[in-house]
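**Student:** Sequence:
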Amino acid sequence: MGTQRPAELGEYEFNIRSFHPKESFGWSGLYFEGDNRRFSLKPSSNRSITSRIWHRFTVNTKSEADPKPFTGSDASNHPWADEPYEYKDKVAKPKGRITSKFFTPSRKSNGKSIRLDGGYKGENHLMPLSTEMKEKLGFTYVPTLNVNYKILAYVDRDNRHVDLVTYIKGDGFPNCEAFVVGPGGTRVFLGIHVRKGVAPLSLKGNPNHPMIASAVRLPIKQDGSFSGTIADLLSSNLSKKGRDSYQSISDWNAEFASTSPNNGRYTGYEELGYLRKQLGKYLDDLFDLDGYL
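Residues in the sequence shown are numbered consecutively from 1, following the UniProt record's numbering.
Below 30 angstroms or equal to it, Euclidean Cα-Cα: the simulated DSBU-like pairs (lysine-lysine) are:
#, residue 1, residue 2
1, Lys150, Lys196
2, Lys136, Lys90
3, Lys88, Lys121
4, Lys95, Lys136
5, Lys101, Lys90
6, Lys93, Lys121
The hints are simulated quantities; they were obtained by calculation from the structure and are not laboratory data. Quantities reported herein were computed from a predicted structural model and do not represent experimental measurements.
With the hints as extra help, turn the sequences into a complete structure.
**Tutor:** This is the structure:
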(Lines of atoms letter the chains of each structure in order from A; the text may use other names.)
(Lines give C-alpha, C1' and ligand atoms only; values in the text may rest on other atoms or scores of the structure.)
Protein backbone atom coordinates (compact mmCIF):
# COMPACT_ATOMS: atom_id res chain seq x y z
CA MET A 1 0.00 0.00 0.00
CA GLY A 2 1.23 3.47 -0.88
CA THR A 3 1.57 6.34 1.53
CA GLN A 4 -1.64 8.33 1.99
CA ARG A 5 -1.46 11.72 0.33
CA PRO A 6 -1.81 14.71 2.69
CA ALA A 7 -5.24 16.35 2.65
CA GLU A 8 -5.60 19.63 0.82
CA LEU A 9 -6.04 22.89 2.70
CA GLY A 10 -9.54 24.27 2.17
CA GLU A 11 -12.03 26.98 3.12
CA TYR A 12 -14.30 26.76 6.15
CA GLU A 13 -17.28 29.04 6.73
CA PHE A 14 -18.19 29.76 10.36
CA ASN A 15 -21.64 30.97 11.42
CA ILE A 16 -22.67 32.35 14.82
CA ARG A 17 -26.20 33.65 15.39
CA SER A 18 -28.40 35.12 18.12
CA PHE A 19 -32.14 34.51 17.90
CA HIS A 20 -35.30 34.37 20.00
CA PRO A 21 -37.13 31.08 19.45
CA LYS A 22 -40.59 32.32 20.35
CA GLU A 23 -43.00 34.32 18.24
CA SER A 24 -42.73 37.22 20.70
CA PHE A 25 -40.26 38.44 23.31
CA GLY A 26 -43.22 38.67 25.70
CA TRP A 27 -44.05 41.39 28.20
CA SER A 28 -40.45 41.65 29.47
CA GLY A 29 -39.32 42.33 25.90
CA LEU A 30 -42.14 44.80 25.24
CA TYR A 31 -43.77 42.26 22.91
CA PHE A 32 -41.32 42.76 20.06
CA GLU A 33 -41.50 39.90 17.60
CA GLY A 34 -39.08 37.00 17.95
CA ASP A 35 -37.77 34.60 15.30
CA ASN A 36 -40.25 31.80 15.96
CA ARG A 37 -37.86 28.93 15.18
CA ARG A 38 -35.72 26.12 16.57
CA PHE A 39 -31.95 25.66 16.34
CA SER A 40 -31.08 25.47 12.67
CA LEU A 41 -28.32 24.99 10.11
CA LYS A 42 -30.18 26.86 7.38
CA PRO A 43 -28.23 29.76 5.82
CA SER A 44 -28.77 33.33 6.98
CA SER A 45 -30.00 36.21 4.82
CA ASN A 46 -32.28 34.17 2.57
CA ARG A 47 -35.37 34.71 4.76
CA SER A 48 -35.92 30.95 5.23
CA ILE A 49 -35.10 31.68 8.87
CA THR A 50 -34.43 34.90 10.77
CA SER A 51 -32.05 35.93 13.55
CA ARG A 52 -31.71 39.00 15.70
CA ILE A 53 -28.04 39.10 14.65
CA TRP A 54 -26.15 36.75 12.34
CA HIS A 55 -22.41 36.71 11.80
CA ARG A 56 -20.37 34.65 9.37
CA PHE A 57 -16.87 34.54 7.94
CA THR A 58 -14.72 32.24 5.82
CA VAL A 59 -11.29 30.97 6.79
CA ASN A 60 -9.01 30.02 3.90
CA THR A 61 -6.43 27.71 5.43
CA LYS A 62 -4.35 27.72 2.23
CA SER A 63 -4.02 31.44 1.43
CA GLU A 64 -4.16 32.47 5.12
CA ALA A 65 -6.03 35.62 4.09
CA ASP A 66 -7.54 37.65 6.91
CA PRO A 67 -11.20 36.59 7.30
CA LYS A 68 -13.75 39.26 6.42
CA PRO A 69 -16.78 38.99 8.72
CA PHE A 70 -20.27 39.75 7.46
CA THR A 71 -22.69 40.74 10.20
CA GLY A 72 -26.38 41.44 9.67
CA SER A 73 -29.74 41.58 11.37
CA ASP A 74 -33.15 40.55 10.14
CA ALA A 75 -35.95 43.08 10.45
CA SER A 76 -37.37 44.02 13.85
CA ASN A 77 -41.13 44.16 14.16
CA HIS A 78 -43.82 44.95 16.70
CA PRO A 79 -47.61 44.50 16.60
CA TRP A 80 -48.04 48.26 16.93
CA ALA A 81 -45.38 49.25 14.40
CA ASP A 82 -46.45 50.70 11.06
CA GLU A 83 -43.85 48.55 9.30
CA PRO A 84 -40.83 46.37 10.18
CA TYR A 85 -37.50 48.07 10.78
CA GLU A 86 -34.93 47.00 8.18
CA TYR A 87 -31.27 47.28 9.23
CA LYS A 88 -30.00 48.93 6.04
CA ASP A 89 -28.53 52.10 7.49
CA LYS A 90 -24.81 51.90 8.35
CA VAL A 91 -25.42 53.39 11.78
CA ALA A 92 -28.12 50.85 12.64
CA LYS A 93 -26.43 47.71 11.33
CA PRO A 94 -24.86 45.42 13.94
CA LYS A 95 -21.07 45.50 14.07
CA GLY A 96 -18.75 42.51 13.75
CA ARG A 97 -15.02 42.03 14.16
CA ILE A 98 -12.42 39.27 13.85
CA THR A 99 -8.66 38.81 14.11
CA SER A 100 -6.77 35.72 13.01
CA LYS A 101 -3.40 34.05 13.45
CA PHE A 102 -2.14 31.22 11.24
CA PHE A 103 0.90 29.14 12.19
CA THR A 104 2.46 25.68 12.07
CA PRO A 105 2.76 24.07 15.52
CA SER A 106 6.31 23.00 16.33
CA ARG A 107 5.42 19.33 16.88
CA LYS A 108 3.42 19.02 13.64
CA SER A 109 5.41 19.94 10.53
CA ASN A 110 2.57 19.26 8.07
CA GLY A 111 -0.32 20.66 10.07
CA LYS A 112 -1.76 24.13 10.34
CA SER A 113 -3.22 25.90 13.39
CA ILE A 114 -5.53 28.90 13.33
CA ARG A 115 -6.60 31.12 16.20
CA LEU A 116 -9.69 33.27 15.67
CA ASP A 117 -10.86 35.99 18.04
CA GLY A 118 -13.98 38.02 17.27
CA GLY A 119 -17.46 39.10 18.16
CA TYR A 120 -20.53 41.10 17.24
CA LYS A 121 -22.95 43.54 18.85
CA GLY A 122 -26.10 45.42 17.97
CA GLU A 123 -29.29 47.06 19.21
CA ASN A 124 -33.01 46.99 18.46
CA HIS A 125 -33.47 50.22 16.53
CA LEU A 126 -37.22 49.88 16.18
CA MET A 127 -37.29 51.54 19.59
CA PRO A 128 -38.30 55.21 19.20
CA LEU A 129 -35.46 57.64 18.35
CA SER A 130 -32.81 54.95 18.88
CA THR A 131 -31.23 55.36 15.42
CA GLU A 132 -31.27 59.14 15.63
CA MET A 133 -29.62 59.05 19.04
CA LYS A 134 -26.88 56.70 17.90
CA GLU A 135 -26.23 58.73 14.77
CA LYS A 136 -25.79 61.97 16.71
CA LEU A 137 -24.21 60.74 19.93
CA GLY A 138 -22.59 57.45 18.97
CA PHE A 139 -24.68 55.43 21.44
CA THR A 140 -28.31 54.65 22.24
CA TYR A 141 -30.45 54.07 25.31
CA VAL A 142 -31.36 50.61 23.98
CA PRO A 143 -29.25 47.85 25.60
CA THR A 144 -26.66 46.20 23.35
CA LEU A 145 -26.64 42.48 22.49
CA ASN A 146 -23.02 41.27 22.87
CA VAL A 147 -21.41 38.05 21.67
CA ASN A 148 -17.67 37.30 21.66
CA TYR A 149 -15.88 34.15 20.56
CA LYS A 150 -12.57 32.34 20.36
CA ILE A 151 -12.22 29.54 17.84
CA LEU A 152 -9.19 27.27 17.50
CA ALA A 153 -8.82 25.17 14.36
CA TYR A 154 -6.14 22.60 13.62
CA VAL A 155 -5.88 20.93 10.20
CA ASP A 156 -3.92 17.68 10.41
CA ARG A 157 -3.14 17.01 6.75
CA ASP A 158 -1.31 13.72 7.28
CA ASN A 159 -3.94 12.08 9.49
CA ARG A 160 -6.76 13.83 7.64
CA HIS A 161 -8.85 15.51 10.27
CA VAL A 162 -9.79 18.98 11.48
CA ASP A 163 -10.03 19.76 15.20
CA LEU A 164 -12.27 22.69 16.16
CA VAL A 165 -12.45 24.20 19.64
CA THR A 166 -15.17 26.81 20.14
CA TYR A 167 -15.71 29.13 23.09
CA ILE A 168 -18.50 31.72 22.94
CA LYS A 169 -19.52 34.16 25.65
CA GLY A 170 -21.89 37.10 25.86
CA ASP A 171 -25.00 38.40 27.61
CA GLY A 172 -26.56 34.95 27.75
CA PHE A 173 -29.66 36.31 26.00
CA PRO A 174 -31.19 35.41 23.61
CA ASN A 175 -30.41 31.93 22.23
CA CYS A 176 -27.17 31.33 20.35
CA GLU A 177 -26.03 28.73 17.82
CA ALA A 178 -22.74 28.10 16.03
CA PHE A 179 -21.92 25.88 13.07
CA VAL A 180 -19.26 25.34 10.41
CA VAL A 181 -19.63 24.65 6.68
CA GLY A 182 -16.87 22.53 5.13
CA PRO A 183 -15.38 22.70 1.60
CA GLY A 184 -17.96 20.19 0.34
CA GLY A 185 -20.90 22.14 1.77
CA THR A 186 -21.53 19.86 4.77
CA ARG A 187 -22.86 21.79 7.78
CA VAL A 188 -21.94 20.79 11.33
CA PHE A 189 -23.18 22.20 14.64
CA LEU A 190 -20.43 23.45 16.96
CA GLY A 191 -22.73 24.24 19.87
CA ILE A 192 -25.97 25.80 21.08
CA HIS A 193 -27.06 27.96 24.00
CA VAL A 194 -30.53 28.39 25.53
CA ARG A 195 -31.10 31.94 26.78
CA LYS A 196 -31.04 32.96 30.41
CA GLY A 197 -33.03 35.76 32.01
CA VAL A 198 -34.96 38.42 30.11
CA ALA A 199 -33.86 41.10 27.66
CA PRO A 200 -33.84 44.23 29.87
CA LEU A 201 -31.76 42.61 32.62
CA SER A 202 -29.51 40.21 30.68
CA LEU A 203 -28.50 42.71 27.98
CA LYS A 204 -27.47 45.21 30.65
CA GLY A 205 -25.73 42.62 32.78
CA ASN A 206 -22.60 40.50 32.44
CA PRO A 207 -21.40 40.46 28.78
CA ASN A 208 -18.94 37.66 29.58
CA HIS A 209 -21.36 34.87 30.42
CA PRO A 210 -20.04 31.53 28.99
CA MET A 211 -22.57 30.25 26.47
CA ILE A 212 -20.89 27.61 24.29
CA ALA A 213 -17.75 25.56 24.91
CA SER A 214 -17.03 22.61 22.64
CA ALA A 215 -14.25 20.61 20.99
CA VAL A 216 -14.79 18.28 18.03
CA ARG A 217 -12.76 16.28 15.53
CA LEU A 218 -13.95 16.06 11.93
CA PRO A 219 -12.23 13.54 9.64
CA ILE A 220 -11.65 14.96 6.15
CA LYS A 221 -11.17 13.55 2.67
CA GLN A 222 -8.18 14.22 0.45
CA ASP A 223 -9.89 17.32 -0.96
CA GLY A 224 -10.42 18.74 2.55
CA SER A 225 -14.17 18.14 2.72
CA PHE A 226 -15.75 16.50 5.78
CA SER A 227 -15.95 12.72 5.41
CA GLY A 228 -19.25 12.30 7.29
CA THR A 229 -18.32 11.49 10.89
CA ILE A 230 -17.50 13.51 14.01
CA ALA A 231 -16.00 12.90 17.47
CA ASP A 232 -16.70 14.91 20.61
CA LEU A 233 -13.21 15.49 22.01
CA LEU A 234 -14.50 16.41 25.46
CA SER A 235 -15.90 12.93 25.93
CA SER A 236 -13.22 11.09 23.94
CA ASN A 237 -10.14 12.38 25.81
CA LEU A 238 -7.37 12.23 23.20
CA SER A 239 -4.60 11.66 25.71
CA LYS A 240 -5.98 8.34 27.00
CA LYS A 241 -7.65 6.68 24.03
CA GLY A 242 -6.07 5.35 20.88
CA ARG A 243 -9.16 6.08 18.83
CA ASP A 244 -12.03 8.46 19.41
CA SER A 245 -15.65 7.45 19.46
CA TYR A 246 -17.17 8.70 16.19
CA GLN A 247 -20.78 9.16 15.15
CA SER A 248 -22.35 10.30 11.90
CA ILE A 249 -22.57 14.03 11.30
CA SER A 250 -26.28 13.63 10.50
CA ASP A 251 -26.95 12.05 13.93
CA TRP A 252 -24.82 14.70 15.63
CA ASN A 253 -26.71 17.54 13.96
CA ALA A 254 -30.08 15.93 14.68
CA GLU A 255 -29.37 15.99 18.41
CA PHE A 256 -28.90 19.76 18.36
CA ALA A 257 -31.75 20.46 15.95
CA SER A 258 -34.18 18.45 18.09
CA THR A 259 -33.17 20.14 21.36
CA SER A 260 -35.88 22.40 22.75
CA PRO A 261 -34.85 26.05 22.32
CA ASN A 262 -36.84 26.94 25.44
CA ASN A 263 -35.83 24.30 28.01
CA GLY A 264 -32.51 23.68 29.73
CA ARG A 265 -29.54 25.95 30.14
CA TYR A 266 -26.48 25.57 27.91
CA THR A 267 -24.52 28.12 29.90
CA GLY A 268 -21.04 26.90 29.11
CA TYR A 269 -19.58 27.15 32.64
CA GLU A 270 -19.19 23.41 33.16
CA GLU A 271 -18.18 22.81 29.53
CA LEU A 272 -15.44 25.45 29.62
CA GLY A 273 -13.90 24.05 32.79
CA TYR A 274 -14.03 20.52 31.41
CA LEU A 275 -12.50 21.69 28.13
CA ARG A 276 -9.53 23.20 29.92
CA LYS A 277 -9.08 20.10 32.09
CA GLN A 278 -9.50 17.48 29.36
CA LEU A 279 -7.56 19.14 26.57
CA GLY A 280 -5.17 21.51 28.31
CA LYS A 281 -1.87 19.98 27.19
CA TYR A 282 -3.19 19.16 23.73
CA LEU A 283 -4.41 22.72 23.19
CA ASP A 284 -1.18 24.28 24.43
CA ASP A 285 0.87 22.11 22.06
CA LEU A 286 -1.17 23.00 19.00
CA PHE A 287 -2.15 26.58 19.64
CA ASP A 288 0.43 28.15 21.95
CA LEU A 289 -2.43 29.39 24.12
CA ASP A 290 -0.74 30.90 27.20
CA GLY A 291 -4.04 31.68 28.94
CA TYR A 292 -5.94 32.31 25.70
CA LEU A 293 -9.08 30.47 26.84
